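Whenever a hint applies, use it, and build me the whole structure from the sequences.
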Amino acid sequence: IKESYYKNEKEKIILSCFSTNHRAIHLYKKIGFKKIGLRKNQFKINNTYYDEVLMELFIDEYLES
Numbered sequence: 764i765k766e767s768y769y770k771n772e773k774e775k776i777i778l779s780c781f782s783t784n785h786r787a788i789h790l791y792k793k794i795g796f797k798k799i800g801l802r803k804n805q806f807k808i809n810n811t812y813y814d815e816v817l818m819e820l821f822i823d824e825y826l827e828s
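Following our numbering, the numbering of the sequence shown begins with 764 at its first residue and continues without gaps.
Hints in this document: simulated from the structure, not taken from any laboratory. What you are looking at is a predicted structure, and each value in this text was computed from that prediction instead of being measured. Even for Gly, the Cβ is constructed at its ideal location relative to N, Cα and C. Wrong hints could be hidden among the right ones.
Quick list of the computed label-pair ranges, beta carbon to beta carbon [what the hints assert, rightly or not]:
1. Tyr812 x Glu774: 16 to 24 Å
2. Asn809 x Glu766: 32 to 40 Å
3. Leu801 x Glu774: 34 to 42 Å
4. Arg786 x Tyr825: 17 to 25 Å
5. Lys807 x Ile764: 12 to 20 Å
6. Lys770 x Phe806: 30 to 38 Å
7. Asp814 x Glu772: 31 to 39 Å
8. Glu766 x Lys803: 14 to 22 Å
9. Lys807 x Arg786: 29 to 37 Å
20 Å max Cα-Cα, derived EDC-like pairs, lysine to aspartate or glutamate [stated by the list, open to error]:
10. Lys797 x Glu815
11. Lys797 x Asp823
12. Lys807 x Asp823
13. Lys797 x Glu824
14. Lys793 x Glu772
15. Lys792 x Glu824
16. Lys765 x Glu819
17. Lys807 x Glu766
18. Lys792 x Glu774
19. Lys798 x Glu824
20. Lys803 x Glu815
21. Lys770 x Glu815
22. Lys793 x Glu774
23. Lys798 x Asp814
24. Lys798 x Glu819
25. Lys775 x Glu819
26. Lys792 x Asp823
27. Lys775 x Asp823
28. Lys775 x Glu824
29. Lys770 x Glu824
30. Lys807 x Glu774
31. Lys793 x Glu824
32. Lys775 x Glu827
33. Lys773 x Glu815
34. Lys803 x Asp823
35. Lys803 x Asp814
36. Lys773 x Glu824
37. Lys770 x Glu827
Structure (structure tokens):
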């Protein structure tokens, strides 16, 4: 994260994952990511729909913590 900030001058990181991936969501929140959205029925796998969670992390806030 620090390298992305200093070398590439990125201000934030955005990611997404399946809403059923509770371990990943927990980890991302622990790092400092915040949920910014939910896309309902974004993925269809074997006739089952899954939601997508969108999260973001402002790198300057991460570095300050």
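Structure-based check of all given hints:
no. : hint                        : verdict
1   : Tyr812 x Glu774: 16 to 24 Å : violated, 33 Å
2   : Asn809 x Glu766: 32 to 40 Å : holds, 38 Å
3   : Leu801 x Glu774: 34 to 42 Å : violated, 23 Å
4   : Arg786 x Tyr825: 17 to 25 Å : holds, 20 Å
5   : Lys807 x Ile764: 12 to 20 Å : violated, 32 Å
6   : Lys770 x Phe806: 30 to 38 Å : holds, 32 Å
7   : Asp814 x Glu772: 31 to 39 Å : holds, 32 Å
8   : Glu766 x Lys803: 14 to 22 Å : violated, 34 Å
9   : Lys807 x Arg786: 29 to 37 Å : violated, 23 Å
10  : Lys797 x Glu815             : holds, 14 Å
11  : Lys797 x Asp823             : holds, 14 Å
12  : Lys807 x Asp823             : violated, 36 Å
13  : Lys797 x Glu824             : holds, 11 Å
14  : Lys793 x Glu772             : violated, 23 Å
15  : Lys792 x Glu824             : holds, 13 Å
16  : Lys765 x Glu819             : holds, 15 Å
17  : Lys807 x Glu766             : violated, 35 Å
18  : Lys792 x Glu774             : holds, 18 Å
19  : Lys798 x Glu824             : holds, 15 Å
20  : Lys803 x Glu815             : holds, 7 Å
21  : Lys770 x Glu815             : violated, 30 Å
22  : Lys793 x Glu774             : holds, 19 Å
23  : Lys798 x Asp814             : holds, 13 Å
24  : Lys798 x Glu819             : holds, 7 Å
25  : Lys775 x Glu819             : holds, 7 Å
26  : Lys792 x Asp823             : holds, 16 Å
27  : Lys775 x Asp823             : holds, 8 Å
28  : Lys775 x Glu824             : holds, 9 Å
29  : Lys770 x Glu824             : holds, 17 Å
30  : Lys807 x Glu774             : violated, 32 Å
31  : Lys793 x Glu824             : holds, 13 Å
32  : Lys775 x Glu827             : holds, 14 Å
33  : Lys773 x Glu815             : violated, 23 Å
34  : Lys803 x Asp823             : violated, 30 Å
35  : Lys803 x Asp814             : holds, 5 Å
36  : Lys773 x Glu824             : holds, 13 Å
37  : Lys770 x Glu827             : holds, 18 Å
Of the numbered hints listed earlier, those contradicted by the structure are 1, 3, 5, 8, 9, 12, 14, 17, 21, 30, 33 and 34.
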